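Please construct the entire structure, taking both the sequences and the accompanying hints into account.
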Amino acid sequence: MGSCIICGVDVDGGGRICESHQEDVAFDFRGNSPNQLVPSRFYRGVVDGYAEFGVFIDLAPGVTGLLHRSELDRRLDSLDWEPGDDVFVQVKGVRDNGNIDLAWSIRQADREFRGVLVQDGDTEHLPEEIDGEDGSDGDAADRDEPAETESKEADSAASDASESEPADADDAGETSEATDAGAETSEAAASDAVSDGVDDDSQSDDGDDSQSDDDAGAESDDLEDERERVEIGTLSEAIGESIRIDGEVVGVRQTGGPTVFEIGDETGVVDVAAFVEPGVRAHPNVEVGDAVRIDGDVESHRGDVQVESEALVLLDGDEAEAVRRRLAEALTDEARPDGLQPLAGDEAVAELTDGLLDAAEALRRAVLESRPIVVRHPATADGYVAGAAVERAVLPLIREEHAKSDAEYHYFTRRPLEDPVYDMDAATNDATRMLQDRDRHDEKLPLFLLVGTGSTVESADGIDLLSVYGVDAVVVDAEVADAETREAVDTLVSPEIDGVDANLSTGALVASLASAVNDEVRADLRHLPAVSYWDDAPDRYVDLARDAGYDAERVVPVAHR
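Position in the sequence shown (from 1) plus 1016 gives the number in our numbering.
It is worth saying that the hints were derived from the structure and are not from the lab. Because the structure is a prediction, the values reported are computed rather than measured. Glycine is no exception: its CB is placed at the ideal position from the N, C-alpha and C atoms. Keep in mind that a hint or two might mislead.
[Said to hold, decoys possible] Across the chosen pairs, the derived CB separations fall in these ranges: (1) D1567 x E1434: 30 to 40 Å; (2) Q1124 x E1145: 18 to 28 Å; (3) D1517 x G1355: 15 to 25 Å; (4) S1049 x E1242: 34 to 44 Å; (5) G1249 x V1304: 12 to 22 Å; (6) G1030 x R1454: 46 to 56 Å; (7) D1435 x E1039: 39 to 49 Å; (8) A1346 x R1454: 18 to 28 Å; (9) T1444 x V1304: 18 to 28 Å; (10) R1454 x N1301: 15 to 25 Å; (11) E1242 x A1125: 45 to 55 Å; (12) D1506 x R1454: 17 to 27 Å; (13) N1051 x E1416: 19 to 29 Å.
[Claimed, not checked] Pairs of lysine to aspartate or glutamate, EDC-like flavour, derived with a Cα cap of 16 Å: (14) K1460 x E1424; (15) K1460 x E1068; (16) K1460 x D1488; (17) K1460 x E1385.
Given below as structure tokens:
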């Protein structure tokens, strides 16, 4: 039986903190599963990166939570945290799928807590107890001294190739989102070796110099010509194998450990971790849009497929052209839907087939190109129905295309508008966010889908602002529209402009669009058209909703909320 480090009372199971003081201490988590976390406890973490909806925090290698912006005590864009920074957060809970919900901590230093404990799996220890057990592992002690972590990592990576560098590299590659590689070394984490961090040093007689001489990737000369290229879409069946992939760089992000490249080919997208030293950009000459060849080992982290690179080279000439040609052919084949089957067989929607297929192709192409999609809609029942229909169709495609389980948070955003038109205020906010995401996360500029708005001259200024940055915009609006808008956007679907005289809502129109984007969710969209009408929904849509289990008495109250 243990005793509480604050009040001294006995604690069952050898614990070191009683129930009354769970929130008074800070925990260093050294487990390997989200289910080992204890809700309400405060944990030290490392900033992995930002998203529009919050901040991802690594609590341990392979254990990452989301601090949602609604939990912050300030605006998200006012946070001065940088990837790799040590922070303290509170665990609100762990969902059934392993997602971790975090809350803000006003205490952001060890001294502001009444004590510090190390939680190793389900057991608790004092930091000095861990130091005593693992005295030969200097990095374990470093984890308990956050003020010195960064300098010790740098010294370790530069001057102790035989002992500390492999340990730091091991942790750095533990996950594609790892952000404080050398700061959390334990026996469990060190068992998952990162080949590119270790091999580059251990295979060189002067490993200290090998990384400092060439942080662009000294691995470039180590490609094994006899390897055959494999498709990214097959990597889930090659866990533990050494492979070669050719593809295009669709994203780059720097963590506190490795540099993570998102590589796409004609079959999918995968994260590739390349390690030089903690927080140092590997292959700085490699940028988004480059064609590359990578040799590496296929690993699985938190259920995501990831490649730990051994070598990465830029392709040019015929080889680069071959990569881009395969991508272009795959995009053409996959992006264009086979056809449009309007929900409830609506003939008015069928008359707009060409425009809706163009819009569906633009959305599907954005997913395949790893381009974020931003959906904007009015804050009305009709607008929300339209936005939800697109979201329901697109998210499964994103999950299928990307190996990362949190990809949907990065590649799809739906935001209601404060005003019924897409004005300069809305466009300015969108432009600011997309430029921040491009600069902070190396994301491509997004595709904008405006539903129920954007079709009149009142939105012209906002759309013109997006066009300044070369952003593509698609507008689908069943309401009043001005012909001038057609020239300002890439695709405009408007019954009025196309001369279709029918009682169509934007929600009904977009629900059929969503079924063309992803026919597999068609059954989930059947009730939406009826909900989108304020009253007098067409009988065909009322009957369709009834078939989906929503009778008229349920549909009307939903629409009037």
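Taking the hints in turn, this is what the structure says about them:
About 34 Å separates the C-beta atoms of D1567 and E1434, a value consistent with the hinted range of 30 to 40 Å. At about 25 Å, the beta-carbon gap between Q1124 and E1145 stays in the expected band of 18 to 28 Å. Taking 15 to 25 Å as the suggested C-beta distance range, the pair D1517 and G1355 conforms, at roughly 24 Å. In this structure the supplied range 34 to 44 Å holds for S1049 paired with E1242, their Cβ-Cβ distance being about 39 Å.
Checked against the hint of 12 to 22 Å, the C-beta distance between G1249 and V1304 comes to roughly 21 Å, which is consistent with it. Checked against the given bound of 46 to 56 Å, the beta carbons of G1030 and R1454, roughly 50 Å apart, stay inside it. Checked against the given bound of 39 to 49 Å, the beta carbons of D1435 and E1039, roughly 43 Å apart, stay inside it. Between A1346 and R1454 the beta carbon distance is about 25 Å. The supplied range of 18 to 28 Å therefore holds.
T1444 and V1304 have their C-beta atoms about 25 Å apart, which keeps the hinted 18 to 28 Å range intact. At roughly 19 Å, the beta-carbon separation of R1454 and N1301 lies within the given 15 to 25 Å, and the hint holds. Taken as a hint, the range 45 to 55 Å holds for the pair E1242 and A1125, whose Cβ atoms sit roughly 54 Å apart. Remark: the range hint 17 to 27 Å for D1506 to R1454 is upheld by a beta-carbon distance near 19 Å.
Between N1051 and E1416, the C-beta spacing of about 27 Å keeps the proposed range 19 to 29 Å intact. At most 16 Å may separate the alpha-carbon atoms for a hinted pair to count; K1460 and E1424 meet this at roughly 15 Å. Pair hint K1460 plus E1068 holds up; C-alpha atoms about 14 Å apart against a cutoff of 16 Å. Note on K1460 and D1488: the hinted pairing holds, with a Cα-Cα distance of about 12 Å set against a maximum of 16 Å.
For the suggested pair K1460 and E1385, the alpha carbons sit about 9 Å apart, so the restraint of at most 16 Å is met.
This entry satisfies every hint, going by the numbered hints stated previously.
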